[in-house]
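As you go down the protein sequences, you meet chains A and B in turn. Numbering of the first sequence is given in our numbering, commencing with residue 1 and proceeding in unit increments. Numbering of the second sequence is given in our numbering, commencing with residue 1 and proceeding in unit increments.
Any given hint could turn out to be false.
Here are the simulated lysine-lysine pairs, DSSO-like style, with alpha carbons at most 27 Å apart [as the list claims (entries may be wrong)]:
no., chain 1, residue 1, chain 2, residue 2
1, A, Lys39, A, Lys108
2, A, Lys128, A, Lys5
3, B, Lys29, A, Lys36
4, B, Lys210, B, Lys138
5, A, Lys39, A, Lys97
6, B, Lys50, A, Lys128
7, B, Lys211, B, Lys76
8, B, Lys75, A, Lys107
9, A, Lys108, A, Lys97
10, A, Lys160, B, Lys50
11, B, Lys18, A, Lys108
12, B, Lys76, A, Lys107
13, A, Lys97, B, Lys75
14, A, Lys108, A, Lys36
15, B, Lys29, A, Lys108
16, B, Lys76, B, Lys140
17, A, Lys36, A, Lys107
18, B, Lys210, B, Lys76
19, B, Lys211, B, Lys50
20, B, Lys76, A, Lys97
21, B, Lys29, B, Lys18
22, B, Lys210, B, Lys140
23, B, Lys140, B, Lys16
24, B, Lys76, A, Lys108
Far from chain B, by Cβ distances over 12 Å, these chain A residues were calculated [to be verified]:
no., residue
25, Gln6
26, Ile8
27, Ile9
28, Phe12
29, Ser33
30, Asn40
31, Leu46
32, Phe60
33, Asp63
34, Arg64
35, Leu82
36, Leu102
37, Leu133
38, Ala134
39, Ser163
40, Leu183
The set of hints was computed from the structure by calculation and includes no laboratory data. Ideal placement from N, C-alpha and C gives every residue a C-beta, glycine not left out.
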Amino acid sequence: MEFIKQIIIASFTGILIENTVFSRALGTSTLISVSKNRKNILGFGLCAVYITTVTSIICFFIDRLINYYKLSYIYMPLIYVLILGFVYIVTLLLLWKFFYNLFFRMKKYVHMSAFNCAVFGALFLNHKYCSSLAEYIGHGIGISLGFILAVYMVSIVYDKLYSENVPYSFRGYPLILIYIGILSMAFYGLVGRQLLY
Amino acid sequence: MRTAAAAKSEVNPSAKLKRNIILDNLFRKNPILSGGMVIAPIVVYAVTLKNAITLAAAFSVITFFTLIISSFVPKKIVYTIRIILYTLIGSLVYVPAYIILNYYIPEVVSEMGIYFPLLITNSFIVSRSETIFFLESKSKMLLDIIFCILGYDIIVLIFGTIREIISTGELSGNILPVPLIFSGLGLPFGGFIILGILAALLRYIVLITKKM
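Excised from the complex, chain A in its bound form:
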């Protein structure tokens, strides 16, 4: 029961307090490209949650091993890339073997969700702030769900941000940034302090 409770608390921390986009700006470029099409959100979201959770579990055990080494933080990106690459390949192989029809539809989502700053950043944040397996899992799930929340919040106003009524200089990308900034301000108000990085 304590395990589940820890997962839920860590998940909510990841979604609301440490929201990847609004509090840490991680994966903003990916967010802009995914939010273009609302149909992408579900596929991308499922892949992001799966990949972040699985890599977080593996990283929990690897972190226990490398923490003993003095210079482990220098080689940490290398180790995390290897883990992420391993999960990426295994996921594609499993999809190809067992869900062949789904493979071609999900391939692009697997790629997008595996190699972006939000997922990669989640692994570093886990290492920095989490200590138990439940926290690693919960934080991983929370960070990816927080990212999906951010993508959804941008996608619902996407057409308005690209509207002809908006002056050309601000239309689209500049306004997306200002909109994310305003949402980020609201999240900052909710947390009440700047997060450490």
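Guided by the hints, dock chain B onto chain A, whose structure is given.
Same frame as chain A, but now just chain B:
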């Protein structure tokens, strides 16, 4: 007598191509203000000019060497593996980059936190490499990479300077006669808002220069 238009049409195509690459990367299609690439470290970390210089240095070293080494990865290798190899090369380039920067500016590097290692999965390495850089000839690719990185660095430095002045009323420790200080703009939401306004400003300037 040759007209100005005729003379213009005789401009060396290679020189024109170089001019376009330079203008696009530095100005018209700037990677930050038009392409929205590698925004996270700017928004969170580039709050002062000093931080902006560190970010520009770290980004330039990691991106340049990773892209150059990655360009030798054979195209025969499937995309799934290639993309892992690019980030793997990035993480190997990160090791000496970290050691060198940490030797000269240890306190600034530690302040960068997770945003330093995250540079190895930046959009230049993960996506732009496959869609643009590696499709070009080696010489054009080299020029494109250099000016793309320069375009990024220039905006980071301008952004860091403006942000430090607006949010603290100082620049590198020197107090400036700024009538109003918006300290909130030093926070991540301020970074998004300033970046959005700069992107709109650049688009306006490009529009004006096109009309001229």
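### Task
Evaluate the condition: distance from the CB of alanine 134 of chain A to the nearest CB of chain B exceeds 12 Å.
22 Å, holds
### Message
Tell me if the straight-line CA distance from lysine 76 of chain B to lysine 140 of chain B falls inside 27 Å.
### Response
Judged against 27 Å, a Cα distance of about 22 Å means the pair holds.
### Query
Would you say asparagine 40 of chain A is clear of chain B, with no C-beta pair closer than or equal to 12 Å?
The assertion about asparagine 40 of chain A holds, with a minimum of 15 Å to chain B.
### Task
Starting from lysine 210 of chain B, check that the Cα of lysine 140 of chain B is at most 27 Å away, please.
25 Å, holds
### Query
Is it correct that the beta-carbon of serine 163 of chain A has no partner in chain B closer than or equal to 12 Å?
15 Å, holds
### Query
Once the closest CB in chain B is found, is it more than 12 Å from isoleucine 9 of chain A?
22 Å, holds
### Restraint check for lysine 211 of chain B with lysine 76 of chain B, where alpha carbons must lie at most 27 Å apart
45 Å, violated
### Query
Are the Cα positions of lysine 76 of chain B and lysine 107 of chain A separated by 27 Å at most?
Cα-Cα ~19 Å, so holds.
### Query
Can the restraint linking lysine 211 of chain B and lysine 50 of chain B be considered satisfied, given a maximum Cα separation of 27 Å?
37 Å, violated
### Task
Given the hint that lysine 210 of chain B pairs with lysine 76 of chain B, test it: the Cα-Cα distance must not exceed 27 Å.
Roughly 42 Å separates the two Cα atoms, so the pair is violated.
#### Entry: Status of the stated non-contact between leucine 46 of chain A and chain B (beta carbon gap over 12 Å)
It holds; leucine 46 of chain A is separated from chain B by about 19 Å at its closest Cβ, greater than 12 Å.
### Query
Would you say leucine 133 of chain A is clear of chain B, with no C-beta pair closer than or equal to 12 Å?
With a cut-off of 12 Å, leucine 133 of chain A remains clear of chain B, as the shortest Cβ separation is near 21 Å.
Checked against the numbered hints above, the structure breaks hints 4, 7, 10, 11, 18, 19, 29, 35 and 40 and satisfies the rest.
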